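Engineer: Residues per chain, in single letters:
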Amino acid sequence: MIAPESVAALRDEELLRLATLRSKQALEALYDRYSGPIYSLAVRMLRDAGAAEEVTQDTFFNVWRRAASYRQSRGKVTAWLFSIGHHRIIDEVRRRKRREHTQVYHDVDLINQPSDDTNDPLKFANRQMQRGMLGEALSALRSEQREIVVLAYYGGLTHSEIANKLGQPLGTVKTRMRLGLKKLREVLGPQAREWTEHGL
Amino acid sequence: MDCNSAQEQFSAYLLGALEVAEIEEIEQHVDRCTPCSDMLRAEGDVVLELARLSPQVVAPDRIKWRLLSAIDAEEAEVGLFAGLWTRLRLGPLMRLNGHTGIVLASVAIVALAAGGVWANGRLNEVAEAKDAMTRQAEVLASPRSGLQDRLLTTYSEAAPELVVEELSVTSQTSDTRGMFLVPKSDNSALLVGLGLAQLPRNYEYRVWLILEGRRYEGGSFGVDSAGFGYTAIEFFAPLANLDGIGVTIEHHRRDDDSAGLVETEVLHGDL
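Just so you know, the protein sequences line up as chains A and B, in that order. In terms of the numbering used here, the first sequence is residues 1 to 200. In terms of the numbering used here, the second sequence is residues 1 to 271.
Just chain A, same shape as in the assembly (with noise of 0.2 angstroms):
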C-alpha cells in the first residue's frame, strides 16, 4: 500500500502504470485528478446529470481495464484519457440520436437551458459563442471552420459524415478540420500552457 499523499504526487504516466498492476490507489489518483473536466464535458455535451454520472463512471472504469493498452507514441495519458471519455460521450450522443431521445433536465445549477433547446451541436456552438472562454475560443475560427469543429467534437460525427451533412467534399472538410484546430492550437495556446504546468 503506497502512502496516498505519495500517490498524489506521482506523475499521470506513473500512476497509469501502477493501474496497469492493479493498483486501486492509482485509478482513484486519476480518477481525483480528471473526473471533474470528464464530468463537466459530458454534462456539457448530454444535457443530463444523470447520463453523466454514468458516462463518467465507464471512462474511468475503461481506463482501468484498457491501463496496459496506453501508448506513450499516441499521445500523452490526459489525451489518451480524454478520448475514452469523449468517445463514451459520443457513444451516448450518437446512441440518443438513434432513439430520438427528449433530453431530461436534471437540478444542476449549471444547467439552465432554455426551454427550446435542442441537441443540435451547431445551435449549442451559437449558444457557447455568448459564453465564456470557450465562446471565444470558437467565434475565432471561421465559420466554415467552426462547424465542422463543431460537428466533429460535440455532435460526435464522423468526417464522411460530416461531409454528407453539409454536402462538402470530404478533403475539403478534412483541411477545414485541420485549419481549424490549428487556429484553436493557436487561441489556447497560453492557456493550455498554463494548465499544464499546474498538472491539470
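Misleading hints may appear alongside valid ones.
What the hints assert, rightly or not - Mimicking EDC-like on lysine to aspartate or glutamate, the simulated pairs with C-alpha atoms at most 16 angstroms apart in a straight line are:
{"hint": "1", "chain 1": "A", "residue 1": "K165", "chain 2": "A", "residue 2": "E136"}
{"hint": "2", "chain 1": "B", "residue 1": "K64", "chain 2": "A", "residue 2": "D32"}
{"hint": "3", "chain 1": "A", "residue 1": "K182", "chain 2": "B", "residue 2": "E8"}
{"hint": "4", "chain 1": "A", "residue 1": "K76", "chain 2": "B", "residue 2": "E8"}
{"hint": "5", "chain 1": "A", "residue 1": "K182", "chain 2": "A", "residue 2": "E144"}
{"hint": "6", "chain 1": "A", "residue 1": "K76", "chain 2": "B", "residue 2": "E27"}
None of these hints come from the bench; they were simulated from the model. This one's a predicted model, so the numbers in the text were calculated from it and none came from an experiment.
Using the hints, position chain B against chain A.
Structural biologist: Showing chain B alone in chain A's frame:
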C-alpha cells in the same frame, strides 16, 4: 499509410471523427513513425483544452464509489475461477514450490512465437497478424509479471495443493503467458490466457488437446484489452491422459468455410 495521409487525418483523429478502421490505421502508423508520433502528441493538447473549456463541475462522490464497486465486482468474478481448483495428476509433472506452505506448480506457458510459424495459405494476413501481436506483446511487456503474480497469488491462496502442468515451449521468442487451470472435473478444465496479445479482427486463439498422436479441438477464445481471455475445455477422456496441449491463432471458423483455418502455430508443448 504514409506520413502525409496520416497527418492529414490527425485532426479528425483527435476530434473523434474517424471510423474504427481509420483509427487503427492511424495508430499503427504513429506506433512506427517517431516524427508523426511527436506531431500527434503535440497536437493532442488542443483537444484537452476543448474539454476543459466547459464550465467545471465537481463530479459527485457516488461515481467513485460505484466505480470502485464495479472493479471489486469484476475482480471477485475472476476469483470465482479459483474456487474451481482441483488436483490434477499427470504423468511427468513439474512441481515448483512457491510460497511457504503452498505447493504451487509452475504455470502453463503459452508463448507467442515470432518465428517457428508455418501457415497454409494467406501468408500476408498471417504476417499482419504476427506484426500486430508483436506490437501488442511489446505494449504488455512490463506489466505482465505483476498481473501474473497477482493471479498466481489469488489461485494459490484458494487452492494450496494446486498442481498445474507446465508446457515445454518451443519458440524463438516468448513474450506471452497463459495458465492452464483445472476445475473439479477430471474431464474439464478452464484455460485462462494472461497477458496475451489482442488479435486482429476475424482471428481467435484456438486450443488443441493432443492425445496419442491425434489433435482434438479444445475450444477457442479472444482476449480483452488487458490480454485476459479464457475458455472452458471439455474432453471425452481424463485430461490427465493428455500428451500435450497447443494454442494456435486461427481465422474465425464460419459454418460454411471449412477452409478458414490458417493453422498458424503459436505454441507447441509436451506435457
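Engineer: Has the given pair, K76 of chain A with E27 of chain B, been kept, meaning a C-alpha gap of at most 16 angstroms?
Structural biologist: holds, 14 angstroms
Engineer: Does the alpha-carbon distance linking K165 of chain A and E136 of chain A stay inside the 16 angstroms limit?
Structural biologist: violated, 26 angstroms
Engineer: Checking one constraint from the list: CA of K182 of chain A to CA of E144 of chain A, max 16 angstroms. Satisfied?
Structural biologist: Answer holds: K182 of chain A to E144 of chain A is near 14 angstroms, not above 16 angstroms.
Engineer: Would you mind confirming whether the straight-line C-alpha gap from K182 of chain A to E8 of chain B stays at or under 16 angstroms?
Structural biologist: Given that 16 angstroms is the threshold and the Cα spacing comes to 12 angstroms, the pair holds.
Engineer: CA of K64 of chain B to CA of D32 of chain A, is that 16 angstroms or under?
Structural biologist: holds, 9 angstroms
Engineer: Hey, K76 of chain A versus E8 of chain B, does the alpha-carbon distance stay inside 16 angstroms?
Structural biologist: Distance of about 20 angstroms is beyond 16 angstroms: violated.
Checked against the numbered hints above, the structure breaks hints 1, 4 and satisfies the rest.
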